[in-house]
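Enquirer: Sequence order for the protein chains is B and U.
Sequence positions in the first sequence follow the working numbering and run 1 to 399.
Sequence positions in the second sequence follow the working numbering and run 1001 to 1147.
Please note: incorrect hints may appear among the correct ones.
With the Cβ distance kept under 8 Å, some of the chain B side facing chain U (calculated, not the full set) [said to hold, decoys possible]:
(1) H99
(2) T163
(3) T256
Below 30 Å or equal to it, Euclidean Cα-Cα: the simulated BS3-like pairs (lysine-lysine) are [claimed, not checked]:
(4) B/K57 with B/K234
(5) B/K318 with B/K392
(6) B/K166 with B/K277
(7) B/K348 with U/K1123
(8) U/K1099 with B/K357
(9) U/K1123 with B/K277
(10) U/K1051 with B/K357
(11) B/K283 with U/K1123
(12) B/K392 with B/K162
(13) B/K310 with B/K234
(14) U/K1120 with U/K1075
(15) U/K1097 with U/K1075
(16) B/K348 with U/K1048
(17) B/K139 with U/K1006
(18) B/K357 with B/K277
(19) B/K57 with B/K310
(20) B/K277 with U/K1120
(21) U/K1075 with U/K1051
(22) U/K1006 with B/K392
(23) U/K1006 with B/K391
(24) U/K1051 with U/K1040
(25) B/K166 with U/K1006
(26) B/K138 with U/K1006
(27) B/K162 with U/K1006
(28) B/K138 with B/K166
(29) B/K283 with B/K194
(30) B/K348 with U/K1120
(31) U/K1075 with B/K348
(32) B/K348 with U/K1051
(33) B/K357 with B/K283
(34) B/K57 with B/K348
(35) U/K1023 with U/K1048
(36) B/K57 with B/K392
(37) B/K348 with B/K283
Since the hints were derived computationally from the structure, they do not count as laboratory data.
Heads up, the beta-carbon is just placed ideally off N, CA and C, and yes, glycines get one too.
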Amino acid sequence: MDKFETLYEALANLDGFIYPNEIALNWDLLIVMYPYITGLVAGAFILASLNRVFDIKALRPTYEISLLTALAFMLVATMPLISHLGQPFRFYEMLITPHLTSAMAIFGFVYLWYLMVVLLLEIWFDYRYDMVIWSGEKKGFMRFVYRALTLWVLDTSPESRKTDEKIGYFITVVGIPSAFLLHGYVGFIFGSIKANPWWSTVMMPVIFLFSAMVSGIALVMFIYMAVNYLRRQKTDIFCLDTIAKYLFYILIIDFTLESLDQIHRIYEADESFDILKLLVRGKLFFTFFIMQIGIGTIIPLSVLGFLQFKKPRERIRKILYLIVSICVLVGIFYMRWNVVIGGQLFSKSFYGFTSYKVDLIGGIDVWLSVLWFVIPFFILAFLLWLLPPWKKAEELPHE
Amino acid sequence: MPLQVKRLLLAFAVFIGIMLGLKYFLTPDSWREYGPYRGKALIEIADKVPKYVDMETCIMCHDSIGELKIQGLHKSIQCEICHGPGYLHVDEPEINKMKLPAGSEFCIQCHARNAARPDKIIKQVDAAEHSEGENCISCHNPHEPWL
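If we strip away everything but chain B, and leave its shape as in the complex, we get (with noise of 0.2 Å):
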């Protein structure tokens, strides 16, 4: 509330009746990062997982760019947020005054169990023999650090890679509820505040579970082009397709569960219809509309379902992956702007909007957003550098 000083500047801002403290909002740009950044972990991390729990055999090439790029992406997950508080410095009480009183608390232990225990340990293991390999190969500081990763395991017997293999799987497993904890999670966070209709529905676990697989496939499919483009590497497109296909089917799924939520709303019609009806119609009829619907949805359905029967030449399919994937990236971006910043425009009175500018030039907001959302492009690029997919062992045969 500190954005006007008085009524006369507040005011400029509303339409209708409104409540005081909804005048300025409080949940600004990082705050629409910050679903945005952990949906991508989740779903990076789910395509993961298909390739190893079910099984997949087309994903492999992506398996090791997925986890890192979940890794990539978990370690600023936070970052929105902490730079959001008033007392940013004051963000590791939360961790070490755990209570439960409060959902948002939780967090910080759903993100420790999601990082400590599933993403590292799982790349870990995956990388353990390798690890071992390198830290012979190298000289001095590296050498140290390869060791030091290794935390002082040399072993290199195929038992130990069996072990490690078992044990990778079944972080696997535990992690899949593991990501769905995650993302379920914060949906959780919005789909519980009763006095918001545009958030509190139960399906918003689910929805923004399944908007966060569509994001993470949709951003593994980009990087696992881009890092080939940039090392002059063949694309298999065998590969593409089939993550194309996984991210048609979510897709699919993801629409549905979304178009459900709001026919449901539509057909329930309830006191805050009304409010809503004119919210999406009006404030969020670009974001909503053209960028969430059109470009993130429409768009990425029917190009991937028409390459589900024709499969034009390589060359043109891999440019159409690369244009679906950026659209489904913009695309699931506005859905996080439509629930967090929409969210806060309609007055709980139900008579009234306030408004929200993004600062282009002078806002920190958009300054750290932008921030966050590109370090995680730098710390893959150093994972890639240090831990390299493409310079991995030869897979133990399998059984």
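Position chain U against the provided structure of chain B, taking the given hints into account.
Expert: Showing chain U alone in chain B's frame:
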């Protein structure tokens, strides 16, 4: 137990140990004094300087305006709604001037025709038609609209 698992468990034990250490040393003193939050936070919040004083304080010095306003229909509107927060002005009125809202746009924020606002609660006018380009305060006194 395979060696790498042992090492991992060790690493986790170290990590959990560090976390417990941090918990021990860094937990704020007043945590859980009253509930799951810092008890001191209450004092800190109470110590903040309020930006808005109230109408009675303004009237201590601006008694003529106060008397006038009490009679009019704007009597229930706090001075600071129109003049902005007064916490600085109250201490040093000569240095910290209050805002003087000018022009019709200001009155219209509350009085413009708006179908969503019930007319019996707040009277509304079509600004252009009603004032014919003149400033609202040339006919209405902001402190007593019918003067």
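Enquirer: So, for every hint listed, does it hold in this structure?
Expert: Results for each hint:
1. H99: holds, 4 Å
2. T163: It holds, given that the least Cβ distance between B/T163 and chain U is near 5 Å, below 8 Å.
3. T256: Not OK, violated: B/T256 not within 8 Å of chain U, min 36 Å.
4. B/K57 with B/K234: holds, 18 Å
5. B/K318 with B/K392: holds, 26 Å
6. B/K166 with B/K277: Roughly 52 Å separates the two Cα atoms, so the pair is violated.
7. B/K348 with U/K1123: Roughly 24 Å separates the two Cα atoms, so the pair holds.
8. U/K1099 with B/K357: Holds: U/K1099 and B/K357 sit about 26 Å apart, inside 30 Å.
9. U/K1123 with B/K277: Distance of about 28 Å is within 30 Å: holds.
10. U/K1051 with B/K357: Holds, because 26 Å separates the two Cα atoms, which is no more than 30 Å.
11. B/K283 with U/K1123: Within the cut-off at roughly 28 Å; holds.
12. B/K392 with B/K162: holds, 16 Å
13. B/K310 with B/K234: holds, 22 Å
14. U/K1120 with U/K1075: holds, 17 Å
15. U/K1097 with U/K1075: holds, 22 Å
16. B/K348 with U/K1048: holds, 28 Å
17. B/K139 with U/K1006: holds, 27 Å
18. B/K357 with B/K277: holds, 21 Å
19. B/K57 with B/K310: Holds - the C-alpha atoms of B/K310 and B/K57 are around 23 Å apart, at most 30 Å.
20. B/K277 with U/K1120: holds, 27 Å
21. U/K1075 with U/K1051: The hint holds at about 21 Å.
22. U/K1006 with B/K392: At roughly 24 Å apart (the allowed maximum being 30 Å), B/K392 and U/K1006 satisfy the hint.
23. U/K1006 with B/K391: Distance of about 27 Å is within 30 Å: holds.
24. U/K1051 with U/K1040: holds, 22 Å
25. B/K166 with U/K1006: It holds: about 15 Å lies between the C-alpha atoms, which stays within 30 Å.
26. B/K138 with U/K1006: Holds. B/K138 to U/K1006 sits at ~26 Å (cutoff 30 Å).
27. B/K162 with U/K1006: Measuring from Cα to Cα gives roughly 16 Å; hence the hint holds.
28. B/K138 with B/K166: holds, 28 Å
29. B/K283 with B/K194: holds, 22 Å
30. B/K348 with U/K1120: holds, 22 Å
31. U/K1075 with B/K348: Holds - the C-alpha atoms of B/K348 and U/K1075 are around 28 Å apart, at most 30 Å.
32. B/K348 with U/K1051: This hinted pair holds, its Cα atoms lying about 26 Å apart.
33. B/K357 with B/K283: holds, 11 Å
34. B/K57 with B/K348: violated, 50 Å
35. U/K1023 with U/K1048: Distance ~29 Å between U/K1023 and U/K1048 Cα, so the pair holds.
36. B/K57 with B/K392: holds, 17 Å
37. B/K348 with B/K283: holds, 16 Å
Violation of the numbered hints given earlier is confined to hints 3, 6, 34; the remaining hints are satisfied by the structure.
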